[in-house]
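**Student:** Just so you know, the sequences run in chain order Z and H. Its first residue numbered 9, the first sequence is counted upward by one per residue in my numbering. Its first residue numbered 9, the second sequence is counted upward by one per residue in my numbering.
One thing to keep in mind: the hints can contain errors.
Identical chains blur together in the list; that is why a pair holds if it fits in one copy or across any two.
To be verified - Calculated pairs, PhoX-like style, for lysine-lysine (alpha carbon to alpha carbon, straight line, at most 25 angstroms): (1) Lys401 / Lys377; (2) Lys529 / Lys141; (3) Lys147 / Lys107; (4) Lys401 / Lys294; (5) Lys147 / Lys294.
Worth flagging that the hints you see were computed from the coordinates, not collected in a lab. On a predicted model such as this, the values are computed, not experimentally measured, just so you know.
2 protein chains.
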Amino acid sequence: MNSSAPEQLESYLAGRWQRGAGVEAELTDPVSGAVLATVSAKELDFAAALDFARREGGPALRAVNFAERAKLIGAVADVLVANRARYEAIAVANSGNTKTDAAIDIDGGIGTLKYYARLGGTLADKQFLLDDKPVRLAKAENYQAIHLLAPRRGVAVHINAFNFPSWGLWEKAAVSLLAGVPAIAKPASATALLSHAMVRDVIAANVLPAGALGLLCGSIGDLLDHLGADDVIAFTGSSDTAARIRSRPNVLGHGVLVNVEADSINAALLAPDAAPGTPTFDAFVKEVVREMTVKAGQKCTAIRRVFVPAARADAATEALAARLTRTTVGDPRREDVRMGPVVTRAQQDAALDGIGRIAAEATFVCGTKDAPKLDGIDPAKSSFVAPTLMRAKDASARAVHETEVFGPAATILTYQDEADAFRQVARGGGSLVASVYGDDRDFLARAVGEIGAFHGRLLMVEASIADAHTGHGIVMPQCHHGGPGRAGNGEELGGLNGLRLYHQRVAVQGSVELLAALQAKAAAVH
Amino acid sequence: MNSSAPEQLESYLAGRWQRGAGVEAELTDPVSGAVLATVSAKELDFAAALDFARREGGPALRAVNFAERAKLIGAVADVLVANRARYEAIAVANSGNTKTDAAIDIDGGIGTLKYYARLGGTLADKQFLLDDKPVRLAKAENYQAIHLLAPRRGVAVHINAFNFPSWGLWEKAAVSLLAGVPAIAKPASATALLSHAMVRDVIAANVLPAGALGLLCGSIGDLLDHLGADDVIAFTGSSDTAARIRSRPNVLGHGVLVNVEADSINAALLAPDAAPGTPTFDAFVKEVVREMTVKAGQKCTAIRRVFVPAARADAATEALAARLTRTTVGDPRREDVRMGPVVTRAQQDAALDGIGRIAAEATFVCGTKDAPKLDGIDPAKSSFVAPTLMRAKDASARAVHETEVFGPAATILTYQDEADAFRQVARGGGSLVASVYGDDRDFLARAVGEIGAFHGRLLMVEASIADAHTGHGIVMPQCHHGGPGRAGNGEELGGLNGLRLYHQRVAVQGSVELLAALQAKAAAVH
Chain Z
9 MNSSAPEQLE
19 SYLAGRWQRG
29 AGVEAELTDP
39 VSGAVLATVS
49 AKELDFAAAL
59 DFARREGGPA
69 LRAVNFAERA
79 KLIGAVADVL
89 VANRARYEAI
99 AVANSGNTKT
109 DAAIDIDGGI
119 GTLKYYARLG
129 GTLADKQFLL
139 DDKPVRLAKA
149 ENYQAIHLLA
159 PRRGVAVHIN
169 AFNFPSWGLW
179 EKAAVSLLAG
189 VPAIAKPASA
199 TALLSHAMVR
209 DVIAANVLPA
219 GALGLLCGSI
229 GDLLDHLGAD
239 DVIAFTGSSD
249 TAARIRSRPN
259 VLGHGVLVNV
269 EADSINAALL
279 APDAAPGTPT
289 FDAFVKEVVR
299 EMTVKAGQKC
309 TAIRRVFVPA
319 ARADAATEAL
329 AARLTRTTVG
339 DPRREDVRMG
349 PVVTRAQQDA
359 ALDGIGRIAA
369 EATFVCGTKD
379 APKLDGIDPA
389 KSSFVAPTLM
399 RAKDASARAV
409 HETEVFGPAA
419 TILTYQDEAD
429 AFRQVARGGG
439 SLVASVYGDD
449 RDFLARAVGE
459 IGAFHGRLLM
469 VEASIADAHT
479 GHGIVMPQCH
489 HGGPGRAGNG
499 EELGGLNGLR
509 LYHQRVAVQG
519 SVELLAALQA
529 KAAAVH
Chain H
9 MNSSAPEQLE
19 SYLAGRWQRG
29 AGVEAELTDP
39 VSGAVLATVS
49 AKELDFAAAL
59 DFARREGGPA
69 LRAVNFAERA
79 KLIGAVADVL
89 VANRARYEAI
99 AVANSGNTKT
109 DAAIDIDGGI
119 GTLKYYARLG
129 GTLADKQFLL
139 DDKPVRLAKA
149 ENYQAIHLLA
159 PRRGVAVHIN
169 AFNFPSWGLW
179 EKAAVSLLAG
189 VPAIAKPASA
199 TALLSHAMVR
209 DVIAANVLPA
219 GALGLLCGSI
229 GDLLDHLGAD
239 DVIAFTGSSD
249 TAARIRSRPN
259 VLGHGVLVNV
269 EADSINAALL
279 APDAAPGTPT
289 FDAFVKEVVR
299 EMTVKAGQKC
309 TAIRRVFVPA
319 ARADAATEAL
329 AARLTRTTVG
339 DPRREDVRMG
349 PVVTRAQQDA
359 ALDGIGRIAA
369 EATFVCGTKD
379 APKLDGIDPA
389 KSSFVAPTLM
399 RAKDASARAV
409 HETEVFGPAA
419 TILTYQDEAD
429 AFRQVARGGG
439 SLVASVYGDD
449 RDFLARAVGE
459 IGAFHGRLLM
469 VEASIADAHT
479 GHGIVMPQCH
489 HGGPGRAGNG
499 EELGGLNGLR
509 LYHQRVAVQG
519 SVELLAALQA
529 KAAAVH
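This is chain Z alone, in the form it adopts within the complex (with noise of 0.2 angstroms):
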């Protein structure tokens, strides 16, 4: 090898770095096409590393209690905030990101770890999680249930997307590290290396238990043809991957618990009460270009479908389509720049392909189907896609509720009461996210009731939290994270409900004596 080649990032499993063979991908920098690193991880013993973190890492985290585990989370944070600097400028080559992007995943990350860093030190020196009330089974009041959550004794697994290399892989590892379930990350290669200097500066500082947390850079392999009954994968990223992962022979045969967060075509909904000129509709407004143009819309949660009352639609793509085009597109190094490119020219493809789809029912209100033009960025090498919005030529259109264009897209559809916007939200087939924007509460209320089911989480925004609230694509670690359906029918974060992936529920029936001492082992999860 000259000395002119890219690094390869190591992999870090079974307590020690380690080098694939050959390169698998190439790590870029979506502006200049430059090659700033790449991946192997062929050759490699999955089955050892994995051995290994059931050994090491899982009793050795185990050895120690919620309280002390916290303690851990909080370490891993510390080591990242003295370290910010770098991965802000790791972000913007390999990402694209602007430096606000470049916060959102990596403070994302950092946050996530402290807010359960906190939340495990409440859970002090207990064993379990305590999932409910002792209830009677019988006439004998000495005989009784409880519910208890035990911590799995396996490894897991976490396929991490390439959108998030440090809020994904740490809003994962937290959970699972503070639940005592040692962990195995593996980046998307696209984005590793951002992943891969956390990881490694966390090894360094040593403060984790050997085996606790493993980086497996480069391709997955056979990994999951090793895992048995008493581990978990989480996933983040594609559908069809996803269904990969699923129906692997091994995974149905041993039972292996699968979580899910895939595609999910979001929803914005005006509500009919909703004026232009009010704070409520400007919310809107400034939350859907946010969701379009922040990592230039390669957010999981980003809003995809936008719903107006049909005698408000041109107002609202008016207002949309103004702001729009004030956002300045280009190399995020520029200060002036507000978005950046997406992060492969597979996923340029991969987003004008969906714009194309939609586009053919539908109209361009602001972009087109092509590559936009940027002076001193050489199309052939970046790859930008511009904020595209378009608008549906009428209720028929089907591939805006099917096709998620993972990029700065999203298409406006109209409503003609209220009974078609939850009807029409509801076709997106199972979503991460809705936000309403309106000042009518019993609306509010009603659309809580009508697309609840369809989704993980809901922001409804008044005037009065128009300034206050977090954003409808911001994942906050107090709130579920995971949709039915198309979205996975995943369960992430959402507070120490989030730890019920890495436990497993059990009833124990047996003497109120015994129960009492499970009991003072054990917190509450409410």
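Since the structure of chain Z is already known, use the hints to place chain H on it.
**Tutor:** Showing chain H alone in chain Z's frame:
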């Protein structure tokens, strides 16, 4: 068709009784081999059946509140109570049940309906379930989040196992109906006679709204290919069938939620302190024999592996053998018979095959690898399996941990010390239930910590509750039912927690005023 042809059991779909084409399966008396009825669902319109449930059943159920749906469930129980005598005769004829076996199935179903009718009454006039206290998300105190459970808008498909044509049907239907989700139940063909008779009575009594409950007698055909993101599959049966359901392209493609209760190689563990002659030792012997013989061992929760301290192996073996040899096997219509046949000759073949595989690494204490010869019963037409107790030759035995014999068979394994016992129990790869018998409460608490993660339920028997407990294999509606890994990772029953499968957890972020309005419409799960 001549008058002597057996009755074809019709399906109740799209609000009417429908007859399939031809014959898909014959239902027999497992003592005589006589054909009692046939089923076929060929050429029935499953898409229309599902649409009817979604269009008619769902809205009708959700138009009334929890307390009103609870009354519907209570009315179903009343219909079944009124017809109970007929059901017992069917269970004896079609399932080979003794009266005791039939009571577990029939009264278990009625009892679960009554339990959820009572529990649903406590939810009063609420629309949602409230899963959590409000949580702060930002500095602003007027912006917070709550977690609601919102009832799903689709239809539930309940695929039941042959061993509980009553309990399996109603434990699923009770929870689904209380949640406001219409259900189509598909009983296993071999024993569908009882499910059919019960649903026929309930429909004739007109106690449920149209579309709330359907019945599919026959093969499921392409029904699962018509399900969408809002629908739910709840399956009980073999892990092979579960894997086929889970990997079906339409199920994966739409993210249809699947709950599985599958194979389980459950354990009983005699604690080191439980000496022969003590009430706890006696409770152990009694429970193992009961689990082996009740319903001829055809319970997903039955004890398959019996762990005893090496020093007590002979005493335990003798005590179990003494009781087993007193079990009278034969035609369950005879008053002196304590155990009948398994349900079909195919099940007999499967059970004997499993016994043969385990016996290759074990010795027989009671029973053999062949079907028993019984007075007055034709071995070529009946499907009996003798109570079969084996003892593993040594710790290298594997088949005993991996083979579920769905019949009256169990295997004794010895352990050297506590750690060895816990390790061996875990080799089941995830089970529905284990029971532990001992009076050393510290040991019992440690056992919960060590084997809890591998089970959905633990029964801890001390002398003080030896006569009061509800049994290793009896699923109480108050308690979680479902186990990790091989057992399918399902979650059923467990009081209000059972409603989760039919609800979507949704975080609602909004103004404290809106959240208060929603809380007023929600009943707390905890």
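**Student:** Next, verify each hint and record whether it holds.
**Tutor:** The hints, checked one at a time:
1. Lys401 / Lys377: within (16 angstroms within a copy, 70 angstroms between copies)
2. Lys529 / Lys141: both (14 angstroms within a copy, 23 angstroms between copies)
3. Lys147 / Lys107: between (64 angstroms within a copy, 24 angstroms between copies)
4. Lys401 / Lys294: Cα proximity of Lys401 and Lys294: one copy only (24 angstroms, versus 72 angstroms across).
5. Lys147 / Lys294: between (61 angstroms within a copy, 21 angstroms between copies)
Hint compliance for this structure: no hint is broken.
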